[in-house]
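Kindly produce the complete structure, drawing on both the sequences and the hints.
Protein chains: 2
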Amino acid sequence: MFVIITYDVEEKRVSKVHKVLKRYLTWTQNSVFEGEITEGKLKKCLASLHNIVNKQVDSIHVYKVQNAKMMEKTVYGQEKNFDSMFL
Amino acid sequence: MFVIITYDVEEKRVSKVHKVLKRYLTWTQNSVFEGEITEGKLKKCLASLHNIVNKQVDSIHVYKVQNAKMMEKTVYGQEKNFDSMFL
Numbered sequence: 001m002f003v004i005i006t007y008d009v010e011e012k013r014v015s016k017v018h019k020v021l022k023r024y025l026t027w028t029q030n031s032v033f034e035g036e037i038t039e040g041k042l043k044k045c046l047a048s049l050h051n052i053v054n055k056q057v058d059s060i061h062v063y064k065v066q067n068a069k070m071m072e073k074t075v076y077g078q079e080k081n082f083d084s085m086f087l
Numbered sequence: 001m002f003v004i005i006t007y008d009v010e011e012k013r014v015s016k017v018h019k020v021l022k023r024y025l026t027w028t029q030n031s032v033f034e035g036e037i038t039e040g041k042l043k044k045c046l047a048s049l050h051n052i053v054n055k056q057v058d059s060i061h062v063y064k065v066q067n068a069k070m071m072e073k074t075v076y077g078q079e080k081n082f083d084s085m086f087l
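Protein sequence lines correspond, in order, to chains A and B. Following our numbering, the numbering of the first sequence begins with 1 at its first residue and continues without gaps. Following our numbering, the numbering of the second sequence begins with 1 at its first residue and continues without gaps.
Hints listed in this document are in silico derivations from the structure and should not be mistaken for laboratory results. For clarity, every value in this text was computed on a predicted model and none was experimentally measured. Hints are not guaranteed to be accurate.
[Claimed, not checked] Derived DSSO-like pairs (lysine-lysine); straight-line CA-CA distance at most 30 Å: (1) B:K43 with A:K19; (2) A:K22 with A:K44; (3) A:K22 with B:K73; (4) B:K73 with A:K64; (5) B:K41 with A:K12; (6) A:K55 with A:K16; (7) A:K69 with B:K55; (8) A:K69 with B:K64; (9) B:K55 with A:K73; (10) A:K19 with A:K64; (11) B:K69 with A:K44; (12) B:K73 with A:K41; (13) A:K64 with A:K41.
[To be verified] Chain B stretches covered by chain A per the calculated footprint, using a threshold of three residues with CB under 8 Å from any CB of chain A: (14) 17-23; (15) 48-54.
Just so you know, even glycine gets a beta-carbon here, dropped at the ideal spot from N, CA and C.
In structure tokens:
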């Protein structure tokens, strides 16, 4: 399945959240990760995030589509490849 | 159709981008809007954004699914209703 994960977390937790998501998905925009993932791996990813975030103030949104073909993505402006910025 | 729009724009253009998006979609998270929209209205929305953003540095991602039922959304932590914060 294809997922988009967007997050809005307090500054002190951003890098931890980022490190977890980077293990499973592609960083495409500030606070946005996306990619193909299995149900099992998504569960593991979310369990790791569960241990990091403060549910009283932070928010993580997970958008799932069973088939990436159902989703059309268009980029306007810069398509940042963050991963290459931190080699 | 259902769309998610995420944006990563320079600080000086954030409020203008935000004002445009608020006319068409719901603000659900920092730099994330979503909602049902017609093709025509999405075109108008993107045309307005086109006049605001600097395509050399800013980035706007538009994710489209034809039917909202194809998309499953889960929120972990706070489901912020930004709109009510600025009445």
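Status of each hint after checking the structure:
no.	hint	in the structure
1	B:K43 with A:K19	violated (36 Å)
2	A:K22 with A:K44	holds (13 Å)
3	A:K22 with B:K73	holds (20 Å)
4	B:K73 with A:K64	holds (6 Å)
5	B:K41 with A:K12	violated (38 Å)
6	A:K55 with A:K16	holds (15 Å)
7	A:K69 with B:K55	holds (27 Å)
8	A:K69 with B:K64	holds (11 Å)
9	B:K55 with A:K73	holds (17 Å)
10	A:K19 with A:K64	holds (21 Å)
11	B:K69 with A:K44	holds (25 Å)
12	B:K73 with A:K41	holds (17 Å)
13	A:K64 with A:K41	holds (13 Å)
14	17-23	violated (count 0)
15	48-54	holds (count 4)
Consistency note: the structure conflicts with the earlier hints numbered 1, 5, 14.
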